[in-house]
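Please dock the two separately framed chains into a single complex, following the hints provided.
In case you want the letters, here they are:
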Amino acid sequence: MILQQVFDGLTLGIVYALIAVGYSLVFGVLRLVNFAHGATYAFGAHIAMVVVVSTNFGLFWAIIISVIMTGLMTMFMDRIALRPLRAKKSKGISALITTIGCSYIIQNALMIVFGSRSKWFPKIFDYGNFQIGNVLVKSTQVGIITVSVVLLLLLTFIVQKTKIGLAMRAVQQNAKAASLMGIDVNRVISFTFFLGGASAAVAGSLISGYYQIVNPQMGFIAGLKAFSAAVLGGIGILHGAVFGGLVVGLAESFAAFYIGGGYRDAVAFIILIVVLIFRPNGLFGKKVIEKV
Amino acid sequence: MKHNNAKKNLLDTKPKKIAALVVMVALVLYLPKSGLLSPYLVRILTMISLYSMLSLSLNLLTGFTGLVSIGHAGFCAVGGYTSALMWQYLGLPWLVTAICGMIMAGVVGLMLAAPTSRLSGSYLTIATLGFGEIVKMIALNWQSFTGGPLGVNHIERPEFFGITLTTFNGGFFYLSIILTALVTLFVYRIVNSKMGRAFMAIRDDSLAATMMGVDVTAYKMKSFVISAAIAGLGGAFYVHFVRFLDPNTFNFDISIIIISIVILGGTGSIPGSFLGAALLISFPEILRFASEYRFIIYGLILVLMMRFKPEGILGGHSHRPFRLMKGVESYGN
Numbered sequence: 018m019i020l021q022q023v024f025d026g027l028t029l030g031i032v033y034a035l036i037a038v039g040y041s042l043v044f045g046v047l048r049l050v051n052f053a054h055g056a057t058y059a060f061g062a063h064i065a066m067v068v069v070v071s072t073n074f075g076l077f078w079a080i081i082i083s084v085i086m087t088g089l090m091t092m093f094m095d096r097i098a099l100r101p102l103r104a105k106k107s108k109g110i111s112a113l114i115t116t117i118g119c120s121y122i123i124q125n126a127l128m129i130v131f132g133s134r135s136k137w138f139p140k141i142f143d144y145g146n147f148q149i150g151n152v153l154v155k156s157t158q159v160g161i162i163t164v165s166v167v168l169l170l171l172l173t174f175i176v177q178k179t180k181i182g183l184a185m186r187a188v189q190q191n192a193k194a195a196s197l198m199g200i201d202v203n204r205v206i207s208f209t210f211f212l213g214g215a216s217a218a219v220a221g222s223l224i225s226g227y228y229q230i231v232n233p234q235m236g237f238i239a240g241l242k243a244f245s246a247a248v249l250g251g252i253g254i255l256h257g258a259v260f261g262g263l264v265v266g267l268a269e270s271f272a273a274f275y276i277g278g279g280y281r282d283a284v285a286f287i288i289l290i291v292v293l294i295f296r297p298n299g300l301f302g303k304k305v306i307e308k309v
Numbered sequence: 006m007k008h009n010n011a012k013k014n015l016l017d018t019k020p021k022k023i024a025a026l027v028v029m030v031a032l033v034l035y036l037p038k039s040g041l042l043s044p045y046l047v048r049i050l051t052m053i054s055l056y057s058m059l060s061l062s063l064n065l066l067t068g069f070t071g072l073v074s075i076g077h078a079g080f081c082a083v084g085g086y087t088s089a090l091m092w093q094y095l096g097l098p099w100l101v102t103a104i105c106g107m108i109m110a111g112v113v114g115l116m117l118a119a120p121t122s123r124l125s126g127s128y129l130t131i132a133t134l135g136f137g138e139i140v141k142m143i144a145l146n147w148q149s150f151t152g153g154p155l156g157v158n159h160i161e162r163p164e165f166f167g168i169t170l171t172t173f174n175g176g177f178f179y180l181s182i183i184l185t186a187l188v189t190l191f192v193y194r195i196v197n198s199k200m201g202r203a204f205m206a207i208r209d210d211s212l213a214a215t216m217m218g219v220d221v222t223a224y225k226m227k228s229f230v231i232s233a234a235i236a237g238l239g240g241a242f243y244v245h246f247v248r249f250l251d252p253n254t255f256n257f258d259i260s261i262i263i264i265s266i267v268i269l270g271g272t273g274s275i276p277g278s279f280l281g282a283a284l285l286i287s288f289p290e291i292l293r294f295a296s297e298y299r300f301i302i303y304g305l306i307l308v309l310m311m312r313f314k315p316e317g318i319l320g321g322h323s324h325r326p327f328r329l330m331k332g333v334e335s336y337g338n
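Respectively, the protein sequence lines represent chains A and B.
Each residue of the first sequence is one higher than the one before, counting from 18 in our numbering.
Each residue of the second sequence is one higher than the one before, counting from 6 in our numbering.
Since the hints were derived computationally from the structure, they do not count as laboratory data.
One thing to keep in mind: the hints can contain errors.
If we take Cβ atoms under 7 Å as the criterion, some of the chain A residues that face chain B in the derived model are [as the list claims (entries may be wrong)]:
no., residue
1, Val50
2, Ala98
3, Pro101
4, Gly109
5, Ser111
6, Ile114
7, Thr115
8, Tyr121
9, Ile122
10, Asn125
11, Phe244
12, Ala283
13, Val284
14, Phe286
15, Ile294
Below, computed lysine to aspartate or glutamate pairings styled on EDC-like, alpha-carbon distance capped at 16 Å [stated by the list, open to error]:
no., chain 1, residue 1, chain 2, residue 2
16, A, Lys108, B, Asp209
17, A, Lys108, B, Glu316
18, A, Lys106, B, Asp220
19, B, Lys314, B, Glu297
Glycine residues also receive a C-beta, built at the ideal position from the N, C-alpha and C atoms.
In isolation and in its complexed conformation, chain B is listed as follows (with noise of 0.2 Å):
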């Protein structure tokens, strides 16, 4: 029966995975040089891809783990500053600063996750948005080490051999989308691993997880410091794309487009923070008149889509059969 199954989908053999896999590597590679696509374009596609990054990360505590967070902008801003700051005051390359953002974004995320994580629900929620408000406030007032309200101006590109990165040689989009492969590989390999069922399993029910022997707080704490960590990634990168950033970089607002594009892809699906990414950074650009509006449009992305489709786009339960281990023969249906 399995196997019948399995036959007929196209693209479930090993080989011609491969295939596809390298036409579509091939296909992005190509795509900034084959002058197709103005600086404009490349430009948002990269925000795409930055945005899918982002809404990974909290995929895997919203949708995965079941904590709702819209401070997710304070990990963001973490990250971003210490990069920026690491440049500014140590010259340190973008590499080195962009992987001390993340553990800087990882440990503000255990700092924040270790009083929290016996919170759920509403708690929670408020507590990272309480979170977002104080990392914008320190960066506002600490003017002799952040430089306040004027931020960090003229933030140098990341250099890889030699090669300055810049939007029109096309750098910083295989910048990230090497950036987002790497982090989706690492989210799957994750949701597919025992501490991605356990996320799983707080989600869907945390009392019935800690029955069955998983220790809830630590998942949480775990799940809280990975997604910061990325998060971390997502402003270290962007602060060297626009090479600036100043306390209202990572406000509120990005907080909010994050959620969005996770609640309308799909809580708990990789491919639905791809197409929310997708289709919630692309709009304003198409939909120019209603850019004005774009705010209130995600605003009712999140209200419209509790109501109607919850689990989002592509969220909700795979209907694929369950893998088992190899050697384990499934009896019955």
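Excised from the complex, chain A in its bound form (with noise of 0.2 Å):
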């Protein structure tokens, strides 16, 4: 039984490091915690839904259209709301609740347009179920863990070995510095919002093609558990967030079948304030020294 639960919450885990990536990328660059990016995966979640149901696409390119318009979307609102404020040096709380703005504006505009209620998703992957040991495995979660790693694998390699990659750890490092060597920083946020928009859109997919619903709301507690995730991991740092979101994604599949279901999104609530009581920097981020 045990690792039944291991292996569901390694499913649900593997997608929580999906989203908490994108936390840690746009806090990488702008240290800025992106409110809006649970919204943003119910938004990719939604695009994909309407071009399934509406034209003969299919599933693939559904969600690869979703990951473009949400990636477009994102870099948008970087480009109306967050930009400007950069522009006018504003204090970072000016940007935070920006960030929480957009997060509500994007939320109910997907209210009004489809309504409040869940509507179907196709399941994604589904070929059937089959066993291992006593392990009961189904394609959906294979496929699901397959796409994540591989998407988090083309991650690594777009900030590790790639020219804009190397842009995005200089602006990590000093924005200033990095904009004085003639980097263009504005670009290279706006390249990091689209990477981060376009992985919660796929993570909205797959996870919409799991349950096989979709509803406007679903962004809220979704995000929350990923930024717990990348919080555990050290914010801002991509292989911590993968680590947090297994952990967060393990943590409540247990919680889930020992405490019970009401209280499985709780979990990420409690790692989230132990981690912030005891090391707010996350288990692989080094202390910060404020410097006067």
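What follows is the structure, encoded as structure tokens:
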């Protein structure tokens, strides 16, 4: 039974990792918690749903379209709402409140367009179930894990090996110095938002395909859980976010089984608060020394 | 110089100030009885008064201390549930349950502030968001005690001296005005005290505040506890006003409304909280066609205010000269 919980938990966890990476990427370059990330995740799932239902492109292309549209939407959000704040050198708190506002706008726009009830979403990777030992493995779960791992590797590759990734890491270390070295900081930030939005769209589509429903409010709790995951691993650190996502997914799966379904969502917050008390910089984070 | 400035202001002399206050109080007391206002309008005015109180509570935390909370409805829920459940199980009168609700919210505020007051900025904001959800989850799952998703129904109206307060006899209106006036006075006194100056110092530069000998962690916790207690009082009033409470009564939307009021009216401005509450609570009633979109409008307010006027309509630095203590002369300029 334990192995079954572990496997189900890993499936959820790898998707949380995918969302958490979005928080980490944006936090890395802007030192900003993007509150709109959860709503972005819901937005991605809805776009994929609309494309599947209204056209006959099939789920794969629907997710591709959703990835592009969601990525562009987050870039647009950065362009019109956050960039002017950076230009004005506003306080960090202003950007934070702006993202809270954006999150609320996206979520309620979805609710007005699609209604607040849950809607059907096609099952993904539906090739039946099979048994390994006494663990029931669904093909959907295998597909979700495979896609997520490939995407996480791709994101790591982009950040570590490409030129734009190098620019991202430079901005992360020191935005001013990076811009003096000829890096177009705003373009790097836009690209980072695109990556975050795209990974959230994939995560949203995968989770919707797993549970087969979409709902405008789905991003709220998922966003919080992924944020807990990002903080657990040390926000701004990619492998930390992945590790955190897996821990949160496993903890949730075990809590649902041993404590009861009603409290499954509470586990992530308990992890969050415990981490914030004992190790605010996360498991992999370095202590930041504030210099005067 | 200073004296000349002071005389220009019409309402600056003490007798005139008191007269203006008396006129305003008389007007407010007369309003519900005058017949000019329908019960519907009285109800809206009560809501504005309630939200002024809630946003004053958040303004103390966000506007004066610089800590953004988007789980403030959680404190209202704690106050509301404490009050409603004490009425349900013990049958105590409103005044007692409301005070207990306040204390309970304050204690919960302390429990949240103690581990999180080391945090700043985004981390704290997320912690408050998680807190709001935890309160909701406990209310939903602890069915034997809180009533779970069914909540608490037919909560008794407050009664004073044998008179049951209703919207029709204006009782709720008077009660909300009295509570708001007390809260305003309380917040005003805090802001203009040593504690208030410490809060603002932390908001403006916590490192500099530490250097000047302000115990940042302790003051952040104080701000949290006071703010939570006021929010708890607001919650305790609201549940007896609408006579119903379930886990969704104080949800994330309420937290967003409260923070939108604070941001729109002005962070760090007491009159701003009143203005913000009056604007944001009345607009869905006035612009009926827009009420479907009102949550989007709250979001837009947050984004646009940050973009164009982050200190809010009435916020920002005061231009009045700093009032020195008696016997201290100001030299220069």
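Hint by hint, here is what the structure shows:
1. Val50: 4 Å, holds
2. Ala98: 5 Å, holds
3. Pro101: 6 Å, holds
4. Gly109: 6 Å, holds
5. Ser111: 4 Å, holds
6. Ile114: 5 Å, holds
7. Thr115: 5 Å, holds
8. Tyr121: 4 Å, holds
9. Ile122: 4 Å, holds
10. Asn125: This interface hint holds because 4 Å falls under the 7 Å limit.
11. Phe244: 6 Å, holds
12. Ala283: This hint holds: A:Ala283 lies near chain B, its Cβ roughly 5 Å from the closest one there, short of 7 Å.
13. Val284: 10 Å, violated
14. Phe286: Nearest chain B Cβ about 4 Å off; hint holds.
15. Ile294: 4 Å, holds
16. A:Lys108 <-> B:Asp209: 10 Å, holds
17. A:Lys108 <-> B:Glu316: 11 Å, holds
18. A:Lys106 <-> B:Asp220: Measuring from Cα to Cα gives roughly 28 Å; hence the hint is violated.
19. B:Lys314 <-> B:Glu297: Given that 16 Å is the threshold and the Cα spacing comes to 26 Å, the pair is violated.
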